[in-house]
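Use these hints to put chains P, H and C with the ligands onto chain G, whose structure you have.
Now for the letters of each chain:
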Amino acid sequence: MNDTSRQASVRLRIPEPTAHTDLVAAAGTRCVAIAGEARRPDLDENAISVASMRDHVIRVLDDEGNAVGPWAGALSRSELEAGLHDMMLVRSFDARMLRAHRQGKISFYMQCLGEEAIACASQWALKPGDMNFPTYRQQGLLVSSDYPMVDMMNQILSNTHDPLLGRQLPVMYSSKEHRFFSISGNLATQFVQAVGWAMAAALDGSDAVASAWIGEGASAESDFHSALVFASTYQAPVILNVVNNQWAISTPEDFARGAAATFADRGLGFGIPSLRVDGNDYLAVHAVTAWAAERARTGLGPTLIEWVTFRVGPHSTSDDPTGYRPDVAGQFPLGDPIDRLRQHMVTCGEWDDTRQTALQESVDQVVSKAFEEADSFGSVMRGDVSSAATMFDDVFATMPPHLVEQRAQFERSQRLQNEGS
Amino acid sequence: MNDTSRQASVRLRIPEPTAHTDLVAAAGTRCVAIAGEARRPDLDENAISVASMRDHVIRVLDDEGNAVGPWAGALSRSELEAGLHDMMLVRSFDARMLRAHRQGKISFYMQCLGEEAIACASQWALKPGDMNFPTYRQQGLLVSSDYPMVDMMNQILSNTHDPLLGRQLPVMYSSKEHRFFSISGNLATQFVQAVGWAMAAALDGSDAVASAWIGEGASAESDFHSALVFASTYQAPVILNVVNNQWAISTPEDFARGAAATFADRGLGFGIPSLRVDGNDYLAVHAVTAWAAERARTGLGPTLIEWVTFRVGPHSTSDDPTGYRPDVAGQFPLGDPIDRLRQHMVTCGEWDDTRQTALQESVDQVVSKAFEEADSFGSVMRGDVSSAATMFDDVFATMPPHLVEQRAQFERSQRLQNEGS
Amino acid sequence: MPAMTMIQAIRDAHFVAMERDSKVVVFGQDVGFFGGVFRCTQGLQEHFGTGRCFDAPINESGIVGVAIGMAAYGLRPCVEIQFADYMYPAYDQIVSEAARLRHRSAGDFTAPLTIRMPMGGGIFGGQTHSQSPEALFTHVAGIKTVVPSNPYDAKGLLLAAIEDDDPVIFLEPKRVYNGPFDGHHDRPLTPWSAHPLSDVPEGYYTIDLGSARVHRPGNDLTVLAYGTLVHVAQAAAEETGIDAEIIDLRTLVPLDVDMIITSVVKTGRCLVVHEATRTSGFGAELSATVQERAFHHLEAPVGRVCGWDTPYPHAHEWSYFPGPDRVGQAMRNIMDEQMTGVIA
Amino acid sequence: MPAMTMIQAIRDAHFVAMERDSKVVVFGQDVGFFGGVFRCTQGLQEHFGTGRCFDAPINESGIVGVAIGMAAYGLRPCVEIQFADYMYPAYDQIVSEAARLRHRSAGDFTAPLTIRMPMGGGIFGGQTHSQSPEALFTHVAGIKTVVPSNPYDAKGLLLAAIEDDDPVIFLEPKRVYNGPFDGHHDRPLTPWSAHPLSDVPEGYYTIDLGSARVHRPGNDLTVLAYGTLVHVAQAAAEETGIDAEIIDLRTLVPLDVDMIITSVVKTGRCLVVHEATRTSGFGAELSATVQERAFHHLEAPVGRVCGWDTPYPHAHEWSYFPGPDRVGQAMRNIMDEQMTGVIA
Ligand SMILES: Cc1ncc(C[n+]2csc(CCOP(=O)(O)OP(=O)(O)O)c2C)c(N)n1
Ligand SMILES: Cc1ncc(C[n+]2csc(CCOP(=O)(O)OP(=O)(O)O)c2C)c(N)n1
Ligand SMILES: [Mg+2]
Ligand SMILES: [Mg+2]
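Protein chains in written order, with numbering that gives the first Met the number 0: chain G, 0 to 420; chain P, 0 to 420; chain H, 0 to 343; chain C, 0 to 343.
No lab work stands behind these hints, which were simulated from the structure alone.
Fair warning: this is a prediction, and the values are worked out from it, not measured in the lab.
Each statement offered as a hint is correct.
Incomplete in silico selection of chain G near chain H, CB under 7 Å: (1) Leu163; (2) Leu164; (3) Arg166; (4) Ser173; (5) Lys175; (6) Gln192; (7) Val194; (8) Gly195; (9) Ala199; (10) Leu202; (11) Val228; (12) Thr232; (13) Asp393; (14) Phe395; (15) Pro399.
Which chain P residues stay away from chain G? Per the calculated CB distances, all over 10 Å, these: (16) Pro325; (17) Glu360; (18) Ala369; (19) Asp383.
Glycine included, each C-beta is placed from N, C-alpha and C at the ideal position.
Looking at chain G on its own, in the form it has when it is part of the complex (with noise of 0.2 Å):
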């Protein structure tokens, strides 16, 4: 086949990613951030106009926790302290998830080590009745909109009070009351879905906002075209969060991103305004999302944010990552979201250590707790989940006949199963 007459320079690029062997190298060249240099487009200013920030990362918080430039600026004391308080919040429920996977309780658990200011912050620039559709990746939304731990929990453990009913894989929640869209295991369906959402608010005549999530990695699907398609040519008011944490499971972001620049360069391609913006800085995440949020509530359209931040855990409990890349070891390659944000407040004469050793121990209590009463009503691994026939509910609003019948077969075989044993 291979016609050697032709001697050709043509070679395919296979992506061969330091980051397998020096991550945090691989990482630091993409990422260099200067606090305060980003300036602040107005809110109606064009693609191409914003795209000129293209080589900047968006960052408020300098290395001495100074908050500075035209970002800066928006948060009251105590929404500092509320923010501290929901990323430590979130980062020790992971912790004592990741325990009860250890002990067995659990089959499965996605924590976000690292990236919990992203989701926190975002939440905290939305308002009531806007609508998330996030991925596996985004628990920070539910715990900073004060979503009951405890049913996190429960459906963690599949247990008789899962609030969906032992049917979703362990961290796929849901909540409309939280504005919490439900999790598919399907990557990138969700986008799209968030922008019709939007669409249909803003045919509602509403100001809620949609936004939609994904990873880095999963952005190369074909829904993330689709939502910048619809997003683009309707204006619908969404944020595309891009959460690019380097990783999507052993493959490094060169594979999804390409020969482009960064991943805030593909809403350029669709004329949709484009940020980059450092996503362990939770004041920079608050301070973008808000903005954000304004240009799509006062019908400016989508906008696209790339969130610059580290994967700094395996990808699941079902993951090795020593397999793919150097061991992290408590590293924060990109910085520390939670100890960035409390330097901060230290900085600014708020915050001391001893706050700080009471908050950390009121979050240990709360998930505590919230454990302690998950736990007493049991897991899937004990075997106390919401009874097996729940499993015809909800196919359809009303159960059709054949799964009646089904459900009968069912209900017949246990029987018969439980004489026989």
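For chains P, H and C with the ligands alone, coordinates are given in the frame of chain G:
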């Protein structure tokens, strides 16, 4: 549902293109091109640098028929004549097929009136061994590569000599020999296949280039995105042609383009050098294709080209555009590519009316002769088709038992039917 | 009552649904300004404005994904896929999302949307304008699948589909858009106006999803059909003179099993017909169901007449299409109990 | 011969295929550097280089579309979809393109590619890591569908699939990746090493696509199964003491109809089992086929035990999974001829 307490300023933008009522103005506003103005980037210039040209439409032929600027000058006199010949042959072919449709000899046809330069000049710029992945509007690729016209007609007539054995809708040609990939009725699927073909060529050490084709409407499809992701990541040697003829059936290009200024911008989002070119200018099409092919062949990766043109005719013979746009009636809103090349040759002193008339007669005669021959092989409308049992062939390389059985049943039922009648 | 074609009946259903419920929105490729390539949405944009009926980019996954988001918000989208053959890019959104949203969220979020698509062959459309993908929907828990065969049913079923609180796939057999095509392609087409089922009441009415209809009563053989094939079966019954009971299923999921089994128990014989490829077609489910539930009443195996297991050809369309000859031969075979092996 | 797990056998098949034919290329999500989330491609990139085995972006349509283009060029891609549940975005490329390319181009272009995907439940994977979509492939003309149940078959079938000149869907029942799971989730897993079918010859051998295998000979009842359910059926036969003949279909299209019918003619009874949802599952095709061809030999209706028509649940996985109890009950029912209506 409508919560009037929230007075929103969000209104969904449903594009209301002026093209529905004033198509010439609409097309004109987006397509101002000053001949010779656009620079010629270095082959290895990156996407961002190339994007500095995004306000320009590359054009070589000025209104007086002079070839001007850095993209001019690559074609010899005889090549120009060949180009004129090819385009005129395509147009004559289209006209004959439309007549055949009116005469009830064929059931369906799709012309490319006004877009002849794109396929014809592009083919001329490719090398043997390169492979096109066309849509239904690139008959010029076949005509320019000397594919037997009678076989095109046989396919359209689905007659006893149809190389595709009556399996495909008219115009869905396929010819590996002529480097024309089998056309799919499903939009956009071939765009990503072209990238795969190009990747295979590179892996194989060949310097062959793939040329992928898509309409501006179909660029909204997901496989357009898939193609760009893979082309960008692996730097595949592929030319990504987006033919923007302003219309997708009844839908103006605005719906696919959204808020982006151009379709070339899409490539920018992937770091793919992208150009916008006057598609009705044979010289520009040839020069830019040659440039992109050279890039691919020397290992510099993919190029995206938006060809600005105008769909002068109806979408297909099933379509009546008067339901959605003013009558074009013999106008070429963005110019007639044939007339522009002819004028250039006249301006260069290499052409005159006598030659033009002779060439017209000659191409018309070629078409007539071909149709006479094809017609002599019958048509599906008259029942002259390949043996019906051949429909069971080529489902698999080797016919599996269930198809052997079904073919036998088919033949038995045909026999019974014939006995019955 | 005015005689309507199926296109007019579908258009009328849209008008009625949109008048009754401001949450109903309609979009799709060429659906807005132009009114659809088959003109099923003609006049809607003009009447209801661009906010209720609009054109969409050519991206089926986007069309359905956006509709799901809208439905989750509280609207009731009714979207068009231009041809059923082009639904595949939307298949993930249909199967993984619309079908499972209610279940996976324990009723918290729902997807009340209708996805219309012209299906079936007989219009010389070749392999990408002729497909019948119903079995790809019936296998999926959480969606309903509807196939009307006539204008009256089309309107009532479409109104029921739009009102339904779950996703409904609404397959329109395009060969009978303009007349009750009986499979004799070489004879002149009867217009709908000559057929009683073109009497379409004005205004609102619905037909229950899950209810079949006896299209032709009979005693000797039950024929299970839907869409275009209902009319083909009718022609075959007339031509063979067999006293066949033809059941027009109308909805495939939920299926009207009672009506089917009652008929087979009466006739003792059953033939299933459809245009889709045979292997794993919906006919397999029908055949399996009938033999499971009426085994001891069957005097002959349940037969199937289907499209061949090949792509839908262009020139050989009428050799592929299960026309009245093939259907009639199968009916005779079953009556003769001579059937061994597969029916042609 | 070394005892291999199914994962090792699949990995070995890749090595053999890639050694034999430089046109074989392997790619997919996490397939290259890491070797796949189930480790089926581990070591390939290191051994053959990044030009033969590499990671792909998360875009299933792109993976299959690119593979089709490569196959049309002349390579023989073997790609992985990480879970069968994620094949839907690629469904258009599979159905509209790979399956029809040879036919629509009259043999001019072909798509010799293999698409591997782990399928089935039993790993507490919830609704998006448990599906069995085989019927969505068997309905489509132009693709072959393969489901191995053990290491020996997996290697031989995968080598045959890669060599095949047409697109092959290769479904790997992940519940038996590491042992011949019999459906008793509460008992310790038997490793493959204790099973004779883990004796996998070194080097090259193939198993014909289209040939089934008698997994357990018997006289009283034919059980048609594939993948994990072969082992479940075996357990049910042992536990009920019914002299069942279990046929492991191995390939669904082409189907080994002769072996099936020969067995049913002998036993006079037939049960079909699979994990996929019941309605329009591949079991319907099997049931329809058996009653069409062996009607006069059947002493009871053909039964089906399948997944329920619901999404695959997480916590209630074992209530959903058609385990040995349900299969055994159905076998008894069929033996008792007491079966009326649908079998649970
Ligand atoms: C359609 C689909 N394909 C593949 C998968 C398997 N999968 C689950 S998570 C994942 C990686 C996603 O990476 P990214 O989008 O970067 O998100 P992150 O995990 O980093 O938050 C993959 C490939 C899936 N869930 N859905
Ligand atoms: C997947 C798919 N969706 C829809 C169609 C129906 N369709 C055929 S051509 C067409 C318009 C395409 O417009 P464009 O891409 O601009 O190409 P042009 O016809 O202008 O050359 C549409 C919607 C299709 N063929 N395939
Ligand atoms: Mg990631
Ligand atoms: Mg167009």
